[in-house]
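As given, the protein sequences belong to chains A and B, one line each in that order. Following the working numbering, the numbering of the first sequence begins with 28 at its first residue and continues without gaps. Following the working numbering, the numbering of the second sequence begins with 682 at its first residue and continues without gaps.
Honestly, the hints are just simulated from the structure, not real lab data. Incorrect hints may have been included.
As the list claims (entries may be wrong) - Computed footprint of chain A on chain B; a stretch qualifies when at least three of its residues, placed anywhere within it, have a C-beta under 8 Å from a C-beta of chain A:
(1) 758-766
(2) 829-840
(3) 843-857
(4) 860-873
For each residue, glycine too, the CB sits at the ideal point set by N, CA and C.
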Amino acid sequence: MKSNRSHRVLPGFNLSLGYALVYLSLLVLIPLGGLIAKSSELSLAEFWTLATSQRSMASYRITFGTSLLAASINAFFGLIVAWVLVRYEFPGRRFFDALVDLPFALPTAVAGITLTTLYANTGWLGQFIEGQWGFKVAFTPWGIVVALTFVTLPFVVRTVQPVIEDIETEVEEAAATLGATRWQTFWRVLLPGVFPALLTGFALAFSRAIGEFGSVIFIAGNIPLVSEITPLLIIAKLEQYDLIGATVLAVVMLVISFFLLLSINLLQWWSANRHRGEARELDPGSTGTPGNNAGNAQGAAA
Amino acid sequence: MKAASLARVLVAGALAGLSAATFAQTSLLNVSYDVARDVFKDYNPKFVTAYKAKTGETVEVKQSHAGSTRQVRAVADGLEADVVTMNQATDIQFLADKGLVAADWTKKFPNDAAPYTSTMVFIVRKGNPKAIKDWNDLIKTGTTIIIPHPKNTGNGRWTYLAAWGNALKQPGGNDKTAAAYLGAFFKNTPLFAPGGRDATTTFIQRGQGDVLVTFESEAELIAREFGRGGFEVVYPPQSILTELPVAIVDKVVDKRGTRKQAQAYLEYLWSKDGQENAAENYLRPRDPEVFKKYADRFPTVKTFTVDDTFGGWAKATEAHFKDGGSFDQIYQVK
């Protein structure tokens, strides 16, 4: 701790801190404060009635449900994609690696329109899926999941990738020489190192999905109680010049998101600590590579 | 070589700056709704020429297009629009309530300040396989309807009021039967498009639904864009007269000193030239002579207005589109 204090890279602690606080306040805190101040024009009872109306409740379920599903899908498949991109050599690897960032760059409306055309029952994929299994994707909540999965893919891959790059192959070899099966190597050696970063990626993807509007509205169908997301309901209120009503929904989303992200952060902290403890137990003498990796991932997350 | 071309660019830039300063010309900003692009693209040069001929003054007209409600909110928040041309009186009324537009803006120009109108029509697949002729054919089982979101889009609101008004005007019609009609209508509506143009794309390009309800003027645009081979336009016997209003933003023109030009710009919409331009773009002109000249484009439809059937936009919004209004009640699960 002491050595940290004397060897700071950024000079002028006070200046840096002040700058960071002003920057965060201007960009994040003041707009959010304004939002909450606006909503406080209502009495608590009025706020509650608006926040818990049938349409609102249905829209929270749809928004958070589809976001959770999309983030989970990406946590699983995104991990595989990242692993493949780091560990395997194959022709066109650079190309596929660049592809991952595409959802970041593409305007979301373009993504929405393209996915809708693709998954509508007249589209390339849609006619196949509906013809083969009688399953509708576009204009149902499944369409929302598809759009959100597309939009949030880079978050998981890009957070997990550097951590995987840091895991040396020697670690796996060491595990193998000590008699670990493939499954044990993955479960007990590799995953604990990647897990905190994976959680970060999951949290990023999830929060991005909650706020996503542009791509979802084209593919969702937007039917009340069925496929109407909260951001759309907010726009609907703004279209009626009902600023207060819109603010109420925004505050509810903010609060739910905050608590979900907080619990994900706690989970992350807990898992990092647990594995650090485990590594020490296994080999009290060494610094323990898995523990180190967990630390790295934490650093990446922060 | 490189230095020379750089110098040329600099000189050209300086000259451009100089000329802009010497011949500073009045500019007008027309803030408008999404699908009015083509109308004003044709109208602006006509106005500029006519105004130059009359006063010798050159005006430049700039356009801004997006969803109408978003546009007026931008104007209320400080976007310096000299004039607004909208697809719904509510949007201009919002600016009047904020004090940017005169409270009696509908009286400032003829025809309640709406220089042209349109009406809501049906677009069906070629040969009209579901034999859709009237509003009641839309609610038959197995017919699917594509419309934009009734709460979020002007186009959707016009559709909603057209359907409601028509049901109201049937023999024995009242609010209850109208609500029942709309209930059946939405049973056949598998999705709400996020905007007027997206509803068109969903119907034409993605092949969703049997019928698209939209503006008559939009129908023509679809024909130009996608060809006339795949679908046809059906005129219901009765529909709503969609009045598309305009207004001067007093606060802005007084500040910028552009009232004279803004007034002339909007007045010119009622001139023969302006009315013909509307008709060319399949908007129904108010001028009876121009209407007659283009009569073959505008089949007869019995129309009702928001004022005579719903008591004006304020009441219509309150009854149908506000939270808990008739639209929300349809989607209320008891």
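For each hint, the structure was consulted:
1. Counting residues of the stretch 758-766 of chain B whose beta-carbon sits less than 8 Å from any beta-carbon of chain A gives 0, not enough to reach three: the coverage restraint is violated.
2. Evaluation of the coverage hint for the stretch 829-840 of chain B: fulfilled, as 4 residues show C-beta separations to chain A shorter than 8 Å, against a requirement of three.
3. Only residues whose beta carbon comes within less than 8 Å of a beta carbon in chain A count, and the stretch 843-857 of chain B has 0; fewer than three means the coverage is violated.
4. Coverage of the stretch 860-873 of chain B by chain A holds in this model, with 4 residues showing a Cβ closer than 8 Å to a Cβ of that chain against a need of three.
In the structure shown, a violation is registered for the earlier hints numbered 1 and 3, in ascending order.
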